Every structure is written in structure tokens, then in C-alpha cells.
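Generate the whole structure from the sequences, applying the supplied hints.
2 protein chains.
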Amino acid sequence: MFKISIIRRSYHLFQPNALTKETLKSHPTHDLLQTLGFVRQSQSGLVQWLPLGLRSLRKVEDIIRYRMNTDGDALEVSLSSLSPKLLWEQTGRWSNKELFKLKDAKKAEHCLTATCEEDITSLMGNFITSHKDMPVLVYQISRKYRDELRPRGGLLRGREFLMKDAYSFVSSKEEAIKMFERVNDVYDKIFGDLRIPFVSAWADSGSIGGDLSKEYHYMHESGEDTLLKCSNCGAISNVEKAESYPIKEGEYFGDVSVKYSLSADRKTLLCFYYPRNRELNWNLALEAVDHDMDSVFNMKRNEEILQIFKQENEDIMLTRVLRIMDCRLNSRSNFPDFPLNQYLKNNFGQIDDVSIVQAQENEICGSCHEGHLSGMKTIEVGHTFYLGTKYSEPLHATFVGKDNQRGIPIEMGCYGIGVSRLIGAIGELTRDDNGFKWPTSVAPYLLSLCISPHMKNEQEIISLLQCQFKGTNLSGEIMHSFSKKLGLGARIRLSHAIGIPLCLIVGPKNWPLVEIELRGALIGTDWEKEFLDLKEKYRWEIVKSTSGYVEKHIVPVEYAKDVVKILLKYLS
Amino acid sequence: MFKISIIRRSYHLFQPNALTKETLKSHPTHDLLQTLGFVRQSQSGLVQWLPLGLRSLRKVEDIIRYRMNTDGDALEVSLSSLSPKLLWEQTGRWSNKELFKLKDAKKAEHCLTATCEEDITSLMGNFITSHKDMPVLVYQISRKYRDELRPRGGLLRGREFLMKDAYSFVSSKEEAIKMFERVNDVYDKIFGDLRIPFVSAWADSGSIGGDLSKEYHYMHESGEDTLLKCSNCGAISNVEKAESYPIKEGEYFGDVSVKYSLSADRKTLLCFYYPRNRELNWNLALEAVDHDMDSVFNMKRNEEILQIFKQENEDIMLTRVLRIMDCRLNSRSNFPDFPLNQYLKNNFGQIDDVSIVQAQENEICGSCHEGHLSGMKTIEVGHTFYLGTKYSEPLHATFVGKDNQRGIPIEMGCYGIGVSRLIGAIGELTRDDNGFKWPTSVAPYLLSLCISPHMKNEQEIISLLQCQFKGTNLSGEIMHSFSKKLGLGARIRLSHAIGIPLCLIVGPKNWPLVEIELRGALIGTDWEKEFLDLKEKYRWEIVKSTSGYVEKHIVPVEYAKDVVKILLKYLS
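Top to bottom, those sequences are chains A and B.
Read left to right, the first sequence gives residues 293 to 864 (this note's numbering).
Read left to right, the second sequence gives residues 293 to 864 (this note's numbering).
Be a bit skeptical, because a hint or two may be false.
Treat identical chains as interchangeable: a pair holds within one or across any two.
[Unchecked claim] Here are the simulated DSS-like pairs of lysine-lysine, each with C-alpha atoms no more than 30 Å apart in a straight line: (1) Lys317 with Lys669; (2) Lys669 with Lys389; (3) Lys801 with Lys829; (4) Lys465 with Lys694; (5) Lys313 with Lys669; (6) Lys377 with Lys389; (7) Lys424 with Lys776; (8) Lys694 with Lys776; (9) Lys748 with Lys424; (10) Lys762 with Lys853; (11) Lys399 with Lys377.
Just so you know, these hints were derived from the structure itself, not from any lab.
Predicted model, so just to flag it, every value in this text is computed and none were measured.
Right under this line is the structure:
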């Protein structure tokens, strides 16, 4: 009933007065977002969203909401941003240094939600009582808070950011895997709708937990993440998850590093040996010992682990030692001294031929053992996790099973998309020397009206064109507010810099013909067929450069709407 | 492009299993909102929004956004919820006890935004440099935080709440008054769209400042505010603003209270005398002395004020005393002792015939001096203020004027609407013995499908009806997710309790005829004309009770859509 039309006269307040080529070309993306009036940084890692940025942000939100509702059959909720200390103590996460914490007037402690596993588990535990109540998928799009010590690139890693976080609740592991796949399908659609090429990769799930975990990335040289892709099987993995083998095993003769750990019963000392010029990958180390490992492996220092080992095993002769050798080592590598003075040689075990270091480019793929790995820098924009009962157990979110069995903890999953981060990432990915070049899915407006200040009846022309587009889905998508100081050329450059896909140009020379310039390129060749069919009817003319590149479309103003609609169809 | 259709299968998870008449009738509104699955309280004054509540909240947001954009020509922004201490110190508001405060990892202090005058003034000061840049009106709909010691009634006074806050920036007082009127016009439209009777009243602006201030209220006996209305001129005012006169002056013979204050130059002692059984109204007191008053009047204790007076005036003989007598007193009232030992009688002044106490019901209206005041309890839902330069001065938000004069502080206004509060207030206002009775503007869904569990093809019928409504503006407005445990009667009662305006009932007895029950009443009589015109065509039948009250509409399923659309047109 209340469709929103947003054509504000005073929008140009946030526009720059002058834009140099140098600014557009070489300013960091976050600065460019500020120069062009998308956002304004208020403090380190915190931004104020200005009208232009908010429009793009809402478009991303709407795509996510539509897909979560329609394809995910998900329910939208909106949780409080203040979460009580008690819940986070129950899950052991209150000590997290990145939580913003505060006390209220009654001295009760809260954190600002960095993520909502605690709150949603507590909430849904009230409503889910039987296996019949599941599966359920809920989500929200809301602000999250992380007290990053080094906030980076504004929208890419802020201290306050907009995140879509979804949580699933099912009654069994099999259902959990189905749900995980369902949400990943939804993610493929969301990232498809955004019209930016993406990759999904199996990932280490970091500190959040679980085994099943996928990351969604945009490839870009400025990215902080690295993914490895196999030239043979095409598998893509995060470096923390990827397993790789050297082209030739046992060729390393240099210094050897060692990291100690303990078996789950703390009776076996685990010694992981690997080349000093590489990094140990704890995921691979865990797999090498079949996950029979105590959580002491999280400790940084070998000395502490040895001390615990000695404290817990008074008779050191009864303990065992297991040596795990990265396959790159050989017997002539330069090993460090062995740390125990007393031991029984008989209690020694050894695992060879495993790879326990972080994968590197050009090594052999650990999945197919055939292809070579190539690396690519990426920006992570989404993540899906299977959580298991990590949160439902400590928070007592249980249900009654099929056989009337009580107290079964709910199987959970969680699924994030960095909504504000997407704006930063897509901006970074698509910009060129002329500024931003948003896909139509994210562009703040689809069409700009650039009218020469030499046209006497500027307001009339704006009204005429607005009337033409009334009732179409372009009616709320037209930007025509420019500072009076800007000439026609500056307006067109600004429209291109903001990244508005279509620019409708009105000048006294051609009037009542108008020109339409495109910011991006038309996809495929079908549009040319439509052009040939309709060029007579619309008196539609195309101006090409000598190299054959389409520079602009010229059309009488009365057909501007029709041509704009056709062009929009073929724009990425 | 991405229209949202929200018909979730698992919605019924949040529905109550059993609803008693007693619950619907006598549970407090906030409890009822929880019972029926609109929200869930997580901590005192904090709520989690569930899918149903979020739908109603979004509808209110959309109405506000549409009017602010279209009629207010306002620009939407979205500011960070973390605001730096420095700004609040500059405006002298950091000491406010209701601010949630926190330190980040670098020990920098922030508050959670309770309101955004500081941040928006600082932000817009960057963009507004000339008088040509104004007028500008910006707004946001975002969460605000107030650390209320006694949060009340959940949505009515929470510690975290959704608020629409708008701020205007203009170059002169005249422009400020025009802008104030423009926003009040927009508010009249917004509250009109919400379809709940409201009153706007001139108000004391409390601690935020300025003179021009209006409040928007819903009348309801549970309200915490009181408005007074004149039977003659119709003026409505907040008790803090209202001026009233006794039916007969000078009739008070009882004890007299006195409050001291100082003139602006602190050389005159102001003594306000008034009946002990009444409360002094400082706004009226200020007016009585033409605002020639020092800010010491904010002090609670007379002794402190007298001490300051004596400290600042060494020669007490040179000081003056001004006595202000409330018109209810007479010379035989029982006055307290005079506080000064030394004084010159010649330096005494006296103001009589003024009213300086809080107005009461049945007294004479201070505006027209004819009508009597009657009181009504209300819930405040909106507020508009003219701020002047209260924030622009300390925050140095200035502009260059028409005559190239530099450093002129911007004239500001601020305008709030309690968005989440509106849900609580409208719920409270419109509920009856059967539960909520939302206006169509706020109802979470417009239509429910209540299908008898005895119909074997329930899913087919749902699909058939969904198909019928596809492409209409009802397609995302249909609720059909009920727990399997509920029979047909329970489903209808639940639909009515949730407050869904139309309930489409399908049972085996009448099928393929369906029944349509209304939660509210049809407005006017035009609908009867449409009924008479179309009753043949749609085979549309109305069942009335013996008292003539319309109980239900009966129509073949193929015309259900048409009749629903007609009924919806006439529902409030």
C-alpha cells in the first residue's frame, strides 16, 4: 500500500563538489565511498550511513530476505542487541576479548551481540519441545558488534556492522546435514542474485566449532583471505582446511620445528615435526591422530604443554610418545633435541607420510592427489556452519524425541552473511578508473537524469520524465538531484562515479532527442536483436566508437522509457 | 524486483497451545503480546521480536518512511549506535544517568545512542556550509537505548526501543517555524494512516529545550500522561504547559508554599507563592517574570538558592525582592516567614493575578479564559521540538549567511516517534475481550485461512486460495499456519485473538461455499450498496444475528477473493 518513492531534492548535499581523475582511480574504496556520499566514518570502525549507501544496503537486505523467506522457508526475527552475561558464561564465551561489555544502572552485565547463538538458542529452546516442532530456520538482519583492535577498510571489518545471521534447529544429524545443504543452496541463490562471481569453499570452522563448514568468497587481489584451487578436481579450500602434498616427498633437509600436544587421556605426548619454513595446520594435525587430542593444543607454548604432561603423569615410564612426521621431512633433516630425559623406547610410536602443514601454491592437491594447487586472494562474505549441540547442550535446549526420549539436545547450524561488508567488497571488486560500477542489484539508483544547466525548463523535463516512468519499477530508482554548481559533463561523470547503471542525458543541442549512456556493459547479443527489431519504431540510434564500442543510445524523449527498460534487461 | 511473500509453514511454533477467555480478557497487553507470539521479553525492558510482531513493526515503519519521504521530503540516514563521549560532553549531556555507557578495548568511552542530536549535528555540520544548503530534513528509524530504572509495560517504556528520529537544519527562525509546521503536517498524516484517533497538544519541551513543542497522544485510561482540553476553545495541552485559572480567585485560605529563584543578574530574589496543595509550574513561573530568571531555579532546595543569593550580593541592602503571588491566594492565606533579616521595603516588588501552578481539571482555560478544562489520560507516541541553536552552537555547526556572514549557528528541530511503542500503545487501545483488534494498517496479516482439520485436502485448498490471491496486494498477507492440534473453532478464535481483520473459514459442511468473518466493523454504509449490487454476481450471502449485527459473509470459494477485497476496503 505504501510504496516508497525516494527522489529527494536535497540529496546533492552529500555529493562532492569536485572529483579528480586521481581520486576516482587511486583512493581506497572506503575513502571513495565517503567522497561520493555513501557513508561517513564517525569513529574508527564505525560509520554513519548516508542516503545513497543506505539505498544500496537495503537492496542487498531485500535480496537476502526474499531468498531466505522464499527458498529457505525461514522465519524472520529481530533480537535485542543487549545480551546478558549469564548466557555467555554458560557457553564459555564471556571471556572473548572482542565483546563490547557494559553494566546497566543495576550493575547487571551485558554484551553487545557479536553473534546470537546464545540468545537464539535460549529463545528457541522455549518454543521447541518436540521433534515435531522441527526443522526450523530463523534469521535476522541486524547490527552486530566486535571490538576489533585494528578495524580495517571501514565496511570490510568494522566494529559495528550489519549482518544476516540465521540459525537452524533440527532433531538429528541427518536432518542437520539436509538443512546445511538447504541453506547452502539458498546462499548460492543469494550470491547469484547479487550478480558478482563468487566461490564457495570448504573451510575450517575456526573457534565457532563443528565440522561441516563452508565459506563464500569474492576473488580479489586486495583480499585478506587465501583460497587454494586444484587444477585437476577443481576443489576449492581455505588454506586452513586444505591438505597438500609436496611434489616430491622427503626432500626437506633444513631445520625441523616441533609442536607438542597431548592425547585426549593426556597419557601420550604427541610430537608434530614439520619444516621450519612452514606453518603447522592444527586441523591436519588433528586428523593425523584421528582427533585423539586434548584441548591443550590451543596453548601456544611447548613448555606449558610439557609441564602439564609431567604434572599429570607421575610415572613418566608409563607414558607413551607418538611422533608425527610431516611427509616433507627425511631422516637427515635437522631435528630438535628430544624434550624428555626419561622414556622407554618401546613406548614410542611414529606416524609417517602425513601432511600437517598449511598448504601452499603449486603443491599437489590433498583431495585428488593429482592436480596442483593454485592460490587466489579473496574477501570472505558469507559462512555456513554445522554447530551440532555445542550451544544447545550448555543452554539446555532439548526436545522429546520420537520414542518419547526426553532431554535430547537440539542439533543446530548457523549461517552468516556480512551485509554491510558486501557493499564494501562489491565496491572494491567492481570499481574502475571512473569510480564505482555496481551491478544493477546493488546500484543505489538504476537511472540518473543529467540535464544540462543550459536547458531553461529543467524542472519541467524532470517532471515529464518522472511521469513517463511512473508506475514502472523504475519510478523509485531515478536520481536527478545535482548541485547547481555542476555542469552537464560533471553531472555525467558524477553519475558514472556513483555507479548508476544508466545515465539519461538531456542537452539543448539534441533536444527533444535524448542520449542514454551505460556505466556497465550489456551482456550477450540478444539486445542487438531487440535493437534491430525496434530501431524503426522507437527511432533508436546507436553511436559507436571507431573500435566498435557502443558509446551511447540516442532516442526521442517519448521513447526514452522503452529503450531504458530494454537496456536494463541486458545489463549485468 | 524482490517482492517479499511471507507464508511460513513453521510460524505456528510461536502460537499458544491453549487460550482461555480469561487470558484474552485480563492479561496485561504486554503479556498478551508474548502469549500470542508477537514478542518475547528477554530481560527487563528488552524484547526479542518474533515473526508476527516484526511484521506489524515493519508496517508501522513503512507508513512512517513513506510519509517522511513523500510529504516531508526527508532524507533517510542510519547512524551508528555507538556515540563518542566527547560529543556529549560538548553539549553537557554526558552526565545523563539514563545513558548506557561503555569503554572499548582502547579505553575510549562511548554511549549507546539514546537520541542522536549530538551525532547528527556533528555529521550534518560537515555537509552544510552555506544558507543555500538548507532547509534539510533527515531521519532514521533505528534502535535507541535508555537505561530506565523502572522499565514499564515492555513496549511502552523499554530500555531498547525502535524510534524514528528526524532532525531539521534551516538558516533562520522563520524557516525553523515553517519546518516545524511541515513536520507537524507530516505527523498528522502518519498518525492518520495508522487509523487510530490521536490528539496533538502543545507541550513543555522538558529537558531537550526550545519553546515550540508539540506532543502526539493516544487517549487511554491506562496512559501515564495527562492532557487537559478546554470545553470552549478546544485547546489541548500537556499539564506541564497548560495555564489555568480558578473559578473564583483569591479563595484559598490554607497554607502557602514558597519557592525561591534569582533574576538573570542574580541581584533580585524571586519568591513564588502558591497554595500548598498544588504544584508549582516552572514554565508558568518563568513566563510570570518574562523569563528573567537564572538557572538556579533547577535546584530543588530553597536554602541553596538563598545561600547563592547571599554569596553573590555582599551588600544585601542593594538587592531587590520580587514576590509573585498565585491568583488563588489572598492576604489572609497562611504565608511562611520571610527569609531575609535585612531588607529595604522600598526594594520590594509584587506581581499579582498570575497563575503559576499546574493546571487542574474543572478550572478555567488559560487560553480563552472562558471554557473549563477537562482531563484525559493518554499515551504519548510522538513529539516535535524546535531546538534553536542548542546543539549547533556547542558543536560548532555553522554556515555562511546571505550577506557572507560567517559562523552563524544552524537553526535545528528534532522530531520523534516511538515506533515499537506504537505497537504496544495500539495493542492496548484496540484490544477487546477476544484479544487484539489491530487496524488494517498495523495487523500482522490481513487474512487468515482457517480450514477445518476434517477437510481431507487441506493443503490443496490452501494452494487454491493462495493462487487466487496471487498478484493481488493480499498475496503476502495471508496467514494459514496453525498447529495441527487446534480444531477449526480454536483456529478461528486464535485468528481473532491475533487480531487478523479477515478470517476465511472452510469447513466440510458448506464447502465449496466459504465463510468470511470480520474481526473489526465495516465503516459507513457504502459497503451495503456494493453488496446489493454484487450479491447476485458473487452469490454473496450475509448472515445477521437477531439484533441485526453482521455475523458472517458466505460466498462460493471462486468469489472469495472478490468479496475479501470489497470488505477490506471498508474495514478501519
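Hints, verified against the model:
1. Lys317 with Lys669: Classified as within; 21 Å inside a copy, 62 Å across copies.
2. Lys669 with Lys389: Answer is within: at 28 Å inside a copy they meet the 30 Å cutoff, but 48 Å across does not.
3. Lys801 with Lys829: Classified as within; 23 Å inside a copy, 59 Å across copies.
4. Lys465 with Lys694: within (14 Å within a copy, 71 Å between copies)
5. Lys313 with Lys669: within (27 Å within a copy, 62 Å between copies)
6. Lys377 with Lys389: Both: 14 Å inside a chain and 22 Å across chains, each within 30 Å.
7. Lys424 with Lys776: Cα proximity of Lys424 and Lys776: across copies only (11 Å, versus 63 Å in one copy).
8. Lys694 with Lys776: between (71 Å within a copy, 17 Å between copies)
9. Lys748 with Lys424: between (69 Å within a copy, 20 Å between copies)
10. Lys762 with Lys853: Both ways: Lys762 and Lys853 sit 10 Å apart in one copy and 27 Å across, limit 30 Å.
11. Lys399 with Lys377: Cα proximity of Lys399 and Lys377: in one copy and across copies (11 Å, 20 Å).
In summary, the structure agrees with every hint in the numbered list given earlier.
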